[in-house]
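Now for the letters of each chain:
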Amino acid sequence: MSRVCKKRPSLCTDEPLAQTEVLQKLSLLRHMLSSCYGPFGRLKQIHNNVGGHVLTTSTSSVLLKALTFSEPLLKLMATFVTNHISRFGDCGLFTGIFCIGLIENAEKLNLGAAAASRVYKQLLKESVRYLTSDCCGCKVEVDFSSIHSLMALAHSVITSKRACMLTPDEAQHIISITVQAFLQSVPCDSSGRTCFGRTVTVPLQGQPVRDSAVFSGLLVEVSMQQSEELQRLRPGPYKIVLFSTSLSGDLSEIGEAKLKMHTEVNPEGALLDQLLLLGEQAVRDGVGLFACQKVIHPVLQHYLREHGLVVIERLGAALMEPFVQMTGAIMVESLYSPVLDKAYGQVGGLHVYRRGSKELLQLLPSGEPAVSTLLLCHRNETMLDELKVTCQRAEHILRLTLKEPYALLGGGCTETMLSAYIRYMSQSKAFQAATALNCSHSQFLLGTEAFCCSLQSMASSLNHGGQHCLMDLTHAHHWVTAVDMDSQTSALLSCSCGLMKDRPGLGKTYVNTEYRSFFPALIEKSDCQPRLLDSFTAKLSALNVAVEMACLVLDVKYTIKDVN
Amino acid sequence: MSVLGTGVINQGRHIGLQQLEALAAATHAFLGPNKAYKFIQDDASEEAALVCSCYRLLEQLELRDSVGQLLYETTRSHQEALHSGTSTLVFLAGVWSKVALDCLHKGILIPHIIAGMSKGLDLCVEACMRNAVTVEEVVCKGALLKQPSGGDCMKPEDGLPPELSLTTGGKESSQNPIRMINNLESIKETLPTKHRIKLKHSRHFTSSSNEAEGTQSAETLCQKSSKTFNIVQLAEAVSHGCESSMSLVVEASRIQSRHGKHKDQSQVLDVERLVTCPLPGLSEEHSCVLHGYVLLLCVEQASLVKRLKERTLKISLMNGDLSENYRHVGFNRPKNITYVSDCSSLTGISREQEWIDGALGKLLKLRVDVLLVSGVVTAQLKDHCLIHNILVIERVKANILKDFAMTTGAIPISYITQLSERCVGSGVCVNVLREYRGEGKTENILLNVIASGTSLVTAVIASSVHAKLQSMVDQFWSCAYRLHLALKDGKLLPGAGAAELLCIHQLYKCIDMSRSTIAGQGEAARAPAPYETTILQLMADSWMDYISTLMVNAGQVVAKVQAWTRIAQHLKDFERRSSLKNEMPETLLKTYFYTKALRGEKESEGDRMVEREREMVRVYDNVTVKSEAWRRALDLVFLILQTDTEIIVGINEQESQHRDVMFL
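If you're matching them up, the sequences are chains A and B in order.
According to the UniProt record's numbering, the first sequence holds residues 1 to 564 in order.
According to the UniProt record's numbering, the second sequence holds residues 1 to 664 in order.
Hints listed in this document are in silico derivations from the structure and should not be mistaken for laboratory results.
In this text, a Cβ means the ideal position worked out from N, Cα and C, and glycines have one as well.
All the given hints hold, so there is nothing to weed out.
Using C-beta positions, here's what the derived DEER-type ranges look like:
{"no.": "1", "chain 1": "A", "residue 1": "LYS342", "chain 2": "B", "residue 2": "VAL329", "range": "29 to 35 Å"}
{"no.": "2", "chain 1": "B", "residue 1": "SER118", "chain 2": "A", "residue 2": "ASP527", "range": "31 to 37 Å"}
{"no.": "3", "chain 1": "A", "residue 1": "TYR353", "chain 2": "B", "residue 2": "GLU272", "range": "16 to 22 Å"}
{"no.": "4", "chain 1": "B", "residue 1": "ASP42", "chain 2": "A", "residue 2": "ARG232", "range": "48 to 54 Å"}
{"no.": "5", "chain 1": "B", "residue 1": "SER341", "chain 2": "A", "residue 2": "LEU233", "range": "47 to 53 Å"}
{"no.": "6", "chain 1": "A", "residue 1": "GLU256", "chain 2": "B", "residue 2": "THR442", "range": "45 to 51 Å"}
{"no.": "7", "chain 1": "A", "residue 1": "GLU256", "chain 2": "B", "residue 2": "ARG307", "range": "51 to 57 Å"}
With a cut-off of at most 25 Å between alpha-carbon atoms, the simulated DSS-like pairs for lysine-lysine come out as follows:
{"no.": "8", "chain 1": "B", "residue 1": "LYS335", "chain 2": "A", "residue 2": "LYS260"}
{"no.": "9", "chain 1": "B", "residue 1": "LYS365", "chain 2": "B", "residue 2": "LYS309"}
{"no.": "10", "chain 1": "B", "residue 1": "LYS335", "chain 2": "A", "residue 2": "LYS258"}
{"no.": "11", "chain 1": "A", "residue 1": "LYS139", "chain 2": "A", "residue 2": "LYS403"}
{"no.": "12", "chain 1": "A", "residue 1": "LYS139", "chain 2": "A", "residue 2": "LYS429"}
{"no.": "13", "chain 1": "B", "residue 1": "LYS572", "chain 2": "B", "residue 2": "LYS119"}
{"no.": "14", "chain 1": "A", "residue 1": "LYS294", "chain 2": "B", "residue 2": "LYS335"}
{"no.": "15", "chain 1": "B", "residue 1": "LYS488", "chain 2": "A", "residue 2": "LYS358"}
{"no.": "16", "chain 1": "A", "residue 1": "LYS557", "chain 2": "A", "residue 2": "LYS121"}
{"no.": "17", "chain 1": "B", "residue 1": "LYS119", "chain 2": "B", "residue 2": "LYS98"}
{"no.": "18", "chain 1": "A", "residue 1": "LYS294", "chain 2": "A", "residue 2": "LYS388"}
{"no.": "19", "chain 1": "A", "residue 1": "LYS342", "chain 2": "A", "residue 2": "LYS294"}
{"no.": "20", "chain 1": "B", "residue 1": "LYS402", "chain 2": "A", "residue 2": "LYS358"}
{"no.": "21", "chain 1": "A", "residue 1": "LYS75", "chain 2": "A", "residue 2": "LYS65"}
{"no.": "22", "chain 1": "B", "residue 1": "LYS397", "chain 2": "A", "residue 2": "LYS358"}
{"no.": "23", "chain 1": "B", "residue 1": "LYS314", "chain 2": "B", "residue 2": "LYS402"}
{"no.": "24", "chain 1": "A", "residue 1": "LYS108", "chain 2": "A", "residue 2": "LYS557"}
{"no.": "25", "chain 1": "A", "residue 1": "LYS7", "chain 2": "A", "residue 2": "LYS561"}
Reference listing, derived: stretches of chain A covered by chain B, where coverage requires no fewer than 3 residues with Cβ under 8 Å from a Cβ of chain B:
{"no.": "26", "region": "23-30"}
{"no.": "27", "region": "163-173"}
{"no.": "28", "region": "242-251"}
{"no.": "29", "region": "296-309"}
{"no.": "30", "region": "377-387"}
Sequences and hints are given; from them, build the entire structure.
Next up, the structure:
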């Protein structure tokens, strides 16, 4: 019996930001994100309450992917942030927190949506101008002749996720292998057409962190059943063939299409014959390694092994492209035609590693190692998952430096400095700016206040509990003092990013308190190197995305929800 | 339909740690050798289970909150890898949660707590590693203790490894297994030229010359043990009160060494080639270890087995199910296919029938006698096989298949069509061990399938109480893994609380040192963080809790207070000795042994004392198991300590019972 339900009318909400429920949810999300932020960020446990896997994380990409939102505005923001992360890899939490901060501050100061977005956009322009200009104090050039700035960039990413559970020594090890993997992916000679290498991350559970290492070529997990054969590997090079289509002998290719078939017809048998033809050809052509992204029919595997081929199945989509890049093979996407000669690739050699209970097969490149594998080991699944995501982020932002060889000071110093600059500029040019933006003088100052407050609270939300955040009144760097009863670092030695040493007579003020605006002076000739660096490209984009998103959300008049 | 939302619970008060502490407290009875069984009853289904390990308990409880779930995941991965030590893990997770909570109450910041506790554990692990004893030493000592006359010169306290110097650090502790073997080797070589050998590395011989007699006997013993490496002593040392299970393991090792590749090597235990066969209904004395693959089979196959007896058989191995509609993993069944047929093809022979005929034909043609299948076999084909004298065994584990593949030369296949002459192996014998009436009316036979040259060993574990069977199987596996890991690591830790006592000592030493630096250098110098001593002190207290619980559970003391007194005495004693001669506390529980004498039956007091002396066995723990359990417990505590929010996905806003859930 079919049932007809009456369609319910859509739900329309007028002025969503005026509703306390929406504001509550916004502030809940901000709390959640900002408590994840920074090296002492707190973790979130995500589970389904019916005994499913518990996900522990403080990474925005993982967190936002796992959440479902009932409020369309939140959903919109989450999508913005995830898009930003997928492009730049970093600063997801920053984007989310900063954006909600802007919205909340505009509401709190009763600024009015239109004026707020105009001021915000203007200030964003000003910020970008400052950050890209030469007189910017929070930007440093990445020096490729030394490893220091690369290590500092990787350091601030890897130590910012507590769920990785790394001891300082382990963190140092992970940082150095991440940088090593990045350096290996940069081609040596620039003559002719060069392209970037790749780093593939392979997680391995149950082994100690110090077993993590970089391998040239690819590392593929193979089943223990093969271990006997793999003991008798002949020296390379190997001719290889790579299939991206499933060789499991099923009819999955037809998808959802409907088929009518005669009972006499045996499609599986026919397919298997086809597969065996491929196998025969591979044997005839002298292939040494037969690889497939998906499943290989056991009968075909059996046939190939009998003829002394090494068989790798279930490579997974992530490994396909690096595989192609390394071996020069062309992915074979159909099993109905013979493999062309040019589709074959080459592997320099094979090597078997045993780590714990796992057997790993290393495929060595025959030419220049364009591909390397970062093997990550950790004691348990939760920590390994987080470590994997974190290392991939670090690698991503290291790569961004090749496009724009700059980095921003980390530890909140960029935020305080930028806010000091914006405050100084707006106060000195408030009148012209306000007229240009077609808003009142006070509106412009309020907007500036909202913007700078949001920026400064980014710096202060790096610290969780028990610490005071300060800003010095000369260079506008960010300083943290611990106030718990028995801390040893009651005296400040250097600022958060490590570029500046404390000196007597340096005036400081608590973050987000009143102070006389000033132009943050450049530090001339510091003998200190910054300890923490953030990605320039990612943060610049994060600023853009956050402001745009905030303006968009402030502009929303109605939300219309289909409740059917 | 209401929309499923995301609930957020803010854990401002560290509820997670409190939950973990409470959960762990429920498992304290599982610590130590005398494990008490627990009944778990399900009120809804009226089912009950009997458990005696943390892992099984958590498995039965089906905890749904995040902390319970995380604890279960942690214990599960530990259990799967090492098969013992889950009670230590859960206990420590509990007490360390308390440490973390206490620190929070004292106002110490989370990063500091983490740094402090990590340092504490590092100190402990380091101290334990420095004082790990080589397996050879354990065996040697065990041999000495076994000797009744050895009691005069070998007082238990003397049996202390000399390299366990705590203050001098790792000067002598670099003694590695290889050197130890060399050492024993040297005894062997010099022995013919008569005694008076000055041995530097083994304490048994350095004592003095007036113990010549004892020394000589020690030499012979050690010589013997180095040659044959008697696994029995080692097994006893790690049996942890499960003598009966351990004797099965020892027997298994003996059989494996007799049939293994290296026939001369006696210290083998290949857990990959170990099978258990639970046998409900028979009393525990019927537990035994047999060479080959032993399994229960229904009685219908008995006559078939009789016919196959005394013949070398051909074998075939199958991965997956043996049925017409089985497809390998990764095969997607087409969904939208309809089959059309002509009228003429309705002759009555179904596709399945056709397949069965084909399969049977293939098996008969290749004269396969035994078919091992990892999945199940179609009932009809099974019947046919029975008629045609083919023995079919279902649900065979992967490692067993692998062993048969290696020993018989058979190649495991997935489809019967793959079967060819080359895939069939040979050299298998079967015999019925006994017929046996199980629970209810089912009659079974105990069958042994054995391939020539295999070192596969089955432990048949019998119990008349069905509910206990699982625990007994678990116990067997934990014994097997303890011995296996002891051989693999080549090192052991002094057990029965000695390692933990060492930890306390180490922590105290560190606390003293940092205090003295504070006092000595005053305000001027940058002293090590004061919170650190607080944390280390709390950690020492948690070890104290561990040892005292262990002592109470072992029935050694009645109350924890008594245990504390004794621990304090030992620490003092140890302090004195370590300042004097750098010696190790050895077992604090001198009178602590896992003997029946404790639970003493009818012997008189005097007899019991004698019995005690004789049965005195030193207890040792696995290095890997301990350090892994500690590490995992601390990881878990840290994960929960740093968590401030619990997010529940997919719950209904209206139906939610949680009061303090906020919705996104």
